[in-house]
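Chemist: Construct all of the structure, not just a fragment, from the sequences and the given hints.
Chains as they are written, first to last, in the working numbering: chain U, 1 to 290; chain X, 1 to 425; chain D, 1 to 314.
No wet-lab data here; the hints were simulated from the structure. Ideal Cβ positions, reconstructed from N, Cα and C, are used throughout, including at glycine. Treat each hint with caution, since some may be false.
[To be verified] Only part of the chain D face toward chain U is listed, based on derived beta-carbon distances under 7 angstroms: (1) V7; (2) L8; (3) L117; (4) A118; (5) V122; (6) T125; (7) V242; (8) M249; (9) L283; (10) V286; (11) I295; (12) A297; (13) V309.
[Said to hold, decoys possible] Here are the computed lysine to any residue pairs in the SDA-like style, where the Cα-Cα straight-line distance is at most 25 angstroms: (14) X/K70 to X/G48; (15) D/K203 to U/V282; (16) X/K425 to X/P294; (17) D/K310 to D/A186; (18) D/K310 to U/F90; (19) X/K308 to U/E225; (20) D/K203 to D/R188; (21) D/K79 to X/K350; (22) X/K143 to D/A77; (23) X/K143 to D/A80; (24) X/K350 to X/L22; (25) X/K278 to U/A55; (26) X/K278 to X/K367; (27) X/K367 to X/R65; (28) X/K143 to D/I142; (29) X/K390 to U/V282; (30) X/K143 to D/S151; (31) X/K261 to U/I140; (32) X/K261 to U/G132; (33) X/K278 to U/V282.
Here is what each chain is made of, one letter per residue.
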Amino acid sequence: MFSFDLLVNAVVAGILLGGFYAAVSLGISVTFGLLDVANIAHPVFIIAGAYAVYAVNTAYALDPILAGLLFTPLFYGLGVVIYRIYYVSFERAGEQSLRGLVFFFGLLFIAEVSLILAYGVDYRLIEAPYIGRSVSIGPIGISLRLGVPCVVGLLLTLALYLFLAKTFYGKAIMGVSQDSLALRLMGANPIQIKTIAFGLGMATASLAGALLIVIVPIEPSMGREYIGRVFAITVLGGMGSIGGTLAAALILGVAESLTSTFSGPSWALAVSFGILLVALAVRPAGLFGR
Amino acid sequence: MVRKGTGRMQVWAVVGVLIGALMLTVALAPVSQAASPLRIGFGMALTGGLAANGKAALLAMEIWRDEVNKNGGLLGRPVEFVYYDDQTKPASVPGIYTKLLDIDGVDFVVSGYGTNLIAPAMPIVIERNLVFMALFGLANNEKLNHPYYFQIMPAGPEPAKEFSRGFFELAAAQNPKLRTVALVGADAEYPHSALAGARENVKQAGLEVVYDRTYPPATTDYTPIVRAIKATNPDVVFVASYPPDSVGMVLAAHEVGLQPKLFGGGMVGLQFAAFQTKLGSKLNGLVNYDYWIPEPTLNFPGINEFLKKYQAQAEKQGVDPLGHYLPPWAYAMMQVLGQAIEGAKSTEQKAVGEYIRTQTFDTIVGKVKFGSNGEWEKPRVLLVQYQNIKGTDIGQFAGPGKRVVLLPEALKSGSLIYPYAEALK
Amino acid sequence: MKWLWPVLIGCSILGAGVLLTGVVENRYVYFATYVILQYIVLATAWNILGGYTGYVNFGTPAFFALGAYTATFLMLAYKAPFLVLLLAGGLISGLLGLGLGYLTLRLKGVFFSIATLALTVVLQTLIINWEFVGGAKGLSIIRPATILFFSSYSKFLFVVMLCLAIGAVAIARWIEHSWIGRGLAAIRDNEEAAECMGVPTLKLKILATTLSGCLMGMAGVPFPWHVTLIEPGSAFNLDYAVNSLAMPMIGGTTTWVGPLVGAVLLGVAQQVATVTISSELNLLIVGVVLVAFVILAPEGLVGLVRRLVKREHA
Numbered sequence: 001m002f003s004f005d006l007l008v009n010a011v012v013a014g015i016l017l018g019g020f021y022a023a024v025s026l027g028i029s030v031t032f033g034l035l036d037v038a039n040i041a042h043p044v045f046i047i048a049g050a051y052a053v054y055a056v057n058t059a060y061a062l063d064p065i066l067a068g069l070l071f072t073p074l075f076y077g078l079g080v081v082i083y084r085i086y087y088v089s090f091e092r093a094g095e096q097s098l099r100g101l102v103f104f105f106g107l108l109f110i111a112e113v114s115l116i117l118a119y120g121v122d123y124r125l126i127e128a129p130y131i132g133r134s135v136s137i138g139p140i141g142i143s144l145r146l147g148v149p150c151v152v153g154l155l156l157t158l159a160l161y162l163f164l165a166k167t168f169y170g171k172a173i174m175g176v177s178q179d180s181l182a183l184r185l186m187g188a189n190p191i192q193i194k195t196i197a198f199g200l201g202m203a204t205a206s207l208a209g210a211l212l213i214v215i216v217p218i219e220p221s222m223g224r225e226y227i228g229r230v231f232a233i234t235v236l237g238g239m240g241s242i243g244g245t246l247a248a249a250l251i252l253g254v255a256e257s258l259t260s261t262f263s264g265p266s267w268a269l270a271v272s273f274g275i276l277l278v279a280l281a282v283r284p285a286g287l288f289g290r
Numbered sequence: 001m002v003r004k005g006t007g008r009m010q011v012w013a014v015v016g017v018l019i020g021a022l023m024l025t026v027a028l029a030p031v032s033q034a035a036s037p038l039r040i041g042f043g044m045a046l047t048g049g050l051a052a053n054g055k056a057a058l059l060a061m062e063i064w065r066d067e068v069n070k071n072g073g074l075l076g077r078p079v080e081f082v083y084y085d086d087q088t089k090p091a092s093v094p095g096i097y098t099k100l101l102d103i104d105g106v107d108f109v110v111s112g113y114g115t116n117l118i119a120p121a122m123p124i125v126i127e128r129n130l131v132f133m134a135l136f137g138l139a140n141n142e143k144l145n146h147p148y149y150f151q152i153m154p155a156g157p158e159p160a161k162e163f164s165r166g167f168f169e170l171a172a173a174q175n176p177k178l179r180t181v182a183l184v185g186a187d188a189e190y191p192h193s194a195l196a197g198a199r200e201n202v203k204q205a206g207l208e209v210v211y212d213r214t215y216p217p218a219t220t221d222y223t224p225i226v227r228a229i230k231a232t233n234p235d236v237v238f239v240a241s242y243p244p245d246s247v248g249m250v251l252a253a254h255e256v257g258l259q260p261k262l263f264g265g266g267m268v269g270l271q272f273a274a275f276q277t278k279l280g281s282k283l284n285g286l287v288n289y290d291y292w293i294p295e296p297t298l299n300f301p302g303i304n305e306f307l308k309k310y311q312a313q314a315e316k317q318g319v320d321p322l323g324h325y326l327p328p329w330a331y332a333m334m335q336v337l338g339q340a341i342e343g344a345k346s347t348e349q350k351a352v353g354e355y356i357r358t359q360t361f362d363t364i365v366g367k368v369k370f371g372s373n374g375e376w377e378k379p380r381v382l383l384v385q386y387q388n389i390k391g392t393d394i395g396q397f398a399g400p401g402k403r404v405v406l407l408p409e410a411l412k413s414g415s416l417i418y419p420y421a422e423a424l425k
Numbered sequence: 001m002k003w004l005w006p007v008l009i010g011c012s013i014l015g016a017g018v019l020l021t022g023v024v025e026n027r028y029v030y031f032a033t034y035v036i037l038q039y040i041v042l043a044t045a046w047n048i049l050g051g052y053t054g055y056v057n058f059g060t061p062a063f064f065a066l067g068a069y070t071a072t073f074l075m076l077a078y079k080a081p082f083l084v085l086l087l088a089g090g091l092i093s094g095l096l097g098l099g100l101g102y103l104t105l106r107l108k109g110v111f112f113s114i115a116t117l118a119l120t121v122v123l124q125t126l127i128i129n130w131e132f133v134g135g136a137k138g139l140s141i142i143r144p145a146t147i148l149f150f151s152s153y154s155k156f157l158f159v160v161m162l163c164l165a166i167g168a169v170a171i172a173r174w175i176e177h178s179w180i181g182r183g184l185a186a187i188r189d190n191e192e193a194a195e196c197m198g199v200p201t202l203k204l205k206i207l208a209t210t211l212s213g214c215l216m217g218m219a220g221v222p223f224p225w226h227v228t229l230i231e232p233g234s235a236f237n238l239d240y241a242v243n244s245l246a247m248p249m250i251g252g253t254t255t256w257v258g259p260l261v262g263a264v265l266l267g268v269a270q271q272v273a274t275v276t277i278s279s280e281l282n283l284l285i286v287g288v289v290l291v292a293f294v295i296l297a298p299e300g301l302v303g304l305v306r307r308l309v310k311r312e313h314a
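Modeler: Here it is in structure tokens:
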């Protein structure tokens with residue numbers, strides 16, 4: 001039952017999903033792609049951001065996107081603190097990846113339990129005027145519940161890209177990921193730069209969480225389902241490339257959507273990760289990797 | 001490679017293992033040594049995927065226990081629970097139940113929640129020929145035939161088919177004849193079984209299957225799936241889903257504009273207050289299965305008092321505020337066990353087991369009688385339709401009128417608004 | 001004869017285990033220690049690739065579940081005896097490990113780890129769609145009441161896992177002290193330099209991945225009978241990935257002792273927590289233990305002990 005209509009809609013739906021996936025993966029793109037810190041716990045912080053938005057939305061009926069933006073400074077601070085702990089404990093290179101992984105797994109569990117204790121295990125949803133409505137552009141239907149997060153996700157990606165490309169601190173972050181010694185020689189403190197970068201990555205979790213709760217109901221252990229996806233997107237896109245992350249997110253979103261529509265949703269995830277495996281085998285550095 | 005400390009290290013290895021063994025003996029220490037209380041042990045999903053229901057069930061069971069103790073306990077002995085979190089992990093169940101039985105020495109065991117959490121406990125209870133009240137598992141006893149297994153879910157001897165039997169009976173009864181059906185569900189235990197049963201019922205109803213797919217539970221966006229279903233233009237859409245995907249499917253259906261003549265099926269989670277209040281009028285028209293709803297035909301003695309007690313504590317415990325789905329059944333399960341112990345005047349497994357097999361029980365979910373395989377002798381799965389829901393006020397769901405019983409005939413409390421699109425107006 | 005002592009120790013532990021099954025009737029002992037022995041095998045197997053060679057494998061669940069499902073398939077289709085199931089599980093998982101070994105040619109470091117994660121997802125999706133072994137719903141497995149001379153099947157599973165644990169630790173110890181271990185350590189420290197020095201890096205890496213995969217698969221074979229249920233969610237559980245990573249890390253990754261100690265300590269802690277504290281706090285404890293160990297004892301307990309020993313000698 002192939003039809004052009006269905007194909008176009010599937011692609012558009014995939015792009016919308018991809019925009020959301022990009023927002024979710026940006027944090028990893030910065031902390032892992034640029035800083036080589038394997039922050040496995042990032043998804044659970046996205047869930048934490050979603051809960052924060054839920055709390056504010058339920059209490060004050062504040063729009064979730066605004067609430068997400070509101071919490072970014074808080075999450076930035078959290079990121080700074082976590083990076084400090086990480087840096088102080090794991091100064092030596094090489095061993096870092098394994099110990100860092102375990103550290104962040106521990107952090108994942110601690111954060112998950114905190115959410116369970118604070119909010120219980122029941123599902124939470126929010127209300128917003130654009131949930132449940134859709135617009136039509138010709139034969140293409142766009143549900144706002146996915147459209148709005150996609151647009152916000154794209155804007156966030158653009159903002160981050162511009163920050164890294166144009167501002168001083170942004171360029172310093174790109175610099176520290178490429179050559180930390182040269183950076184030091186140029187007078188900037190690499191540790192401070194890395195801390196800012198990590199905080200930035202964590203700050204995106206707040207907004208990504210807002211987008212998440214607009215799309216699906218949340219519960220504390222959901223983060224685990226996203227671990228694979230966010231790392232896959234970052235690696236596929238290429239370490240250190242924000243544009244690559246966006247491209248990879250869109251590719252994966254469209255692949256999932258096409259598989260869901262035409263050959264069976266059961267295989268959607270496998271197709272995404274299959275693409276990743278093939279890409280890694282053919283070009284290990286990812287699409288736009290350095 | 002010269003290794004100076006190897007001998008030392010091996011000593012430390014032994015020390016490490018000994019410390020571990022010591023810690024294990026701590027676990028082997030039984031929970032309490034009091035001789036008098038009647039102890040009932042179980043594992044329950046307090047964390048993990050099924051925790052939302054598991055914790056609600058636990059609350060209901062504790063309400064039962066407190067009431068029984070206020071009235072003097074069972075056979076004069078106070079009732080005590082010994083329970084452990086099975087974390088929705090089947091692998092932890094054997095350890096939990098052997099600890100309960102062999103170390104804590106409980107008098108009775110009941111099950112956790114969910115087919116896959118009940119299954120690992122079966123061999124253990126069969127080994128010692130124990131009475132085993134089970135909470136919402138699908139056909140756990142089908143191959144094992146344990147005489148003292150009793151399932152409180154009213155699905156009857158053919159549970160997988162029962163979920164969808166009423167739905168397709170309704171579909172077959174419509175005029176003009178409905179021709180095509182789309183089947184969709186999650187890649188998970190219950191939906192998988194429900195869909196298998198649905199396929200059989202579809203054949204009997206004489207419908208043609210135009211879509212039959214499953215999706216991973218971790219799917220984020222359901223719109224592609226719903227669009228693909230819409231493209232096949234089905235008369236009937238049957239969905240078997242768990243809470244997050246139930247919500248996703250309903251939202252996607254509204255966004256894509258999927259309007260079959262009959263829509264619904266076996267969607268778990270639509271019974272939860274959190275979803276009912278957020279989905280509100282989007283639920284109108286859906287024909288879904290349910291076990292108990294606050295309709296006048298289901299006003300069994302004790303149910304309203306129980307719900308009042310439950311609702312008073314639910315918010316604090318972070319569980320479903322209305323408690324219509326699982327809690328009444330967890331409570332009823334304990335009622336059966338308690339009444340059997342009192343009725344048989346014994347805590348001996350065989351006596352209590354035979355009593356449960358042969359008697360009919362009066363519970364807050366009505367009269368309960370078990371059949372040959374431990375399932376309900378006669379199934380009592382309800383087919384309900386959501387109607388006239390306006391806005392998102394939770395109060396409208398607490399009482400009758402918003403979910404009417406269509407089947408079984410004996411409990412009917414309203415009529416079907418057909419087709420589905422009519423109910424949306 | 002250097003090998004005599006280890007063989008004697010291994011045999012006596014096995015003998016003690018068998019004697020135990022005749023004496024102790026408390027079933028909890030068998031189920032709880034089974035899990036810990038299983039983790040000893042998984043942690044040791046993981047460490048051969050992760051600790052010795054430096055390739056972090058995130059895909060333990062893939063190998064573990066593959067062993068479990070291979071056994072399930074053969075049991076359902078051919079009613080094969082247990083020994084055949086064990087060997088087949090190890091063989092199939094070993095083959096997967098072989099494939100993974102060739103993958104290391106293209107992917108290093110964290111890319112390798114991500115690839116193992118992707119592998120797990122793909123495999124899980126394949127299994128979910130394989131109706132014969134239960135698919136997404138799972139299959140309930142009937143455990144025979146008795147087998148051989150054991151009075152209950154769970155005792156038999158305990159002894160099987162004990163054999164696997166002894167075997168895994170023996171293999172790890174032998175590798176560590178042999179030229180293979182030295183080669184793997186060279187790869188871990190600097191793969192390019194090792195290649196230049198003439199170390200047959202590809203052959204050694206393939207040996208490590210195959211052996212690691214094979215042992216993990218064998219650890220998975222008895223799993224369906226332990227739980228009397230096989231379903232993708234529990235076979236592919238994240239726990240196996242995290243624990244097989246954390247246990248060697250806690251114990252120490254450079255020796256055969258580390259995974260053993262880590263598995264016993266973390267495994268016992270988890271078992272104890274399940275039946276004592278038993279609530280969300282379980283997960284909190286695991287998290288705190290992981291974070292604490294990784295910050296305070298970065299080289300694991302073995303490293304900590306070594307430092308104390310050095311201080312004494314100095």
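Chemist: When you check the alpha-carbon spacing of X/K261 and U/G132, does it fall within 25 angstroms?
Modeler: holds (21 angstroms)
Chemist: For the pair we were handed, X/K425 and X/P294, check the Cα-Cα distance against 25 angstroms.
Modeler: holds (24 angstroms)
Chemist: Within a Cα-Cα threshold of 25 angstroms, do X/K261 and U/I140 meet the stated pairing?
Modeler: Holds, at about 24 angstroms.
Chemist: With a cut-off of 7 angstroms, does the beta carbon of D/T125 approach a beta carbon of chain U closely enough for the hint to hold?
Modeler: Where the cut-off is 7 angstroms and the nearest Cβ of chain U is about 4 angstroms from D/T125, the hint holds.
Chemist: Does X/K70 pair with X/G48 here, judged by a C-alpha cut-off of 25 angstroms?
Modeler: violated (33 angstroms)
Chemist: X/K143 and D/A80: Cα distance at most 25 angstroms?
Modeler: holds (21 angstroms)
Chemist: Run the distance test for X/K367 versus X/R65: straight-line Cα separation, threshold 25 angstroms.
Modeler: holds (20 angstroms)
Chemist: Taken at face value, is the distance from the CA of D/A186 to the CA of D/K310 at most 25 angstroms?
Modeler: Cα-Cα ~24 angstroms, so holds.
Chemist: Given a cut of 7 angstroms on the nearest C-beta pair, is the interface hint for D/V122 held or broken against chain U?
Modeler: holds (5 angstroms)
Chemist: Going by Cβ atoms only, is D/V242 closer than 7 angstroms to chain U?
Modeler: holds (5 angstroms)
Chemist: Does D/A297 pass the interface check with chain U, least Cβ-Cβ distance below 7 angstroms?
Modeler: Result: violated, 10 angstroms to nearest chain U Cβ.
Chemist: Double-check D/L283 for me: the hint is only fine if its C-beta lies closer than 7 angstroms to a C-beta in chain U.
Modeler: Interface hint status for D/L283: holds (5 angstroms vs cutoff 7 angstroms).
In summary, the structure is inconsistent with hints 1, 2, 12, 13, 14, 19, 21, 24, 26, 29 and 33 from the numbered list given earlier, while agreeing with the others.
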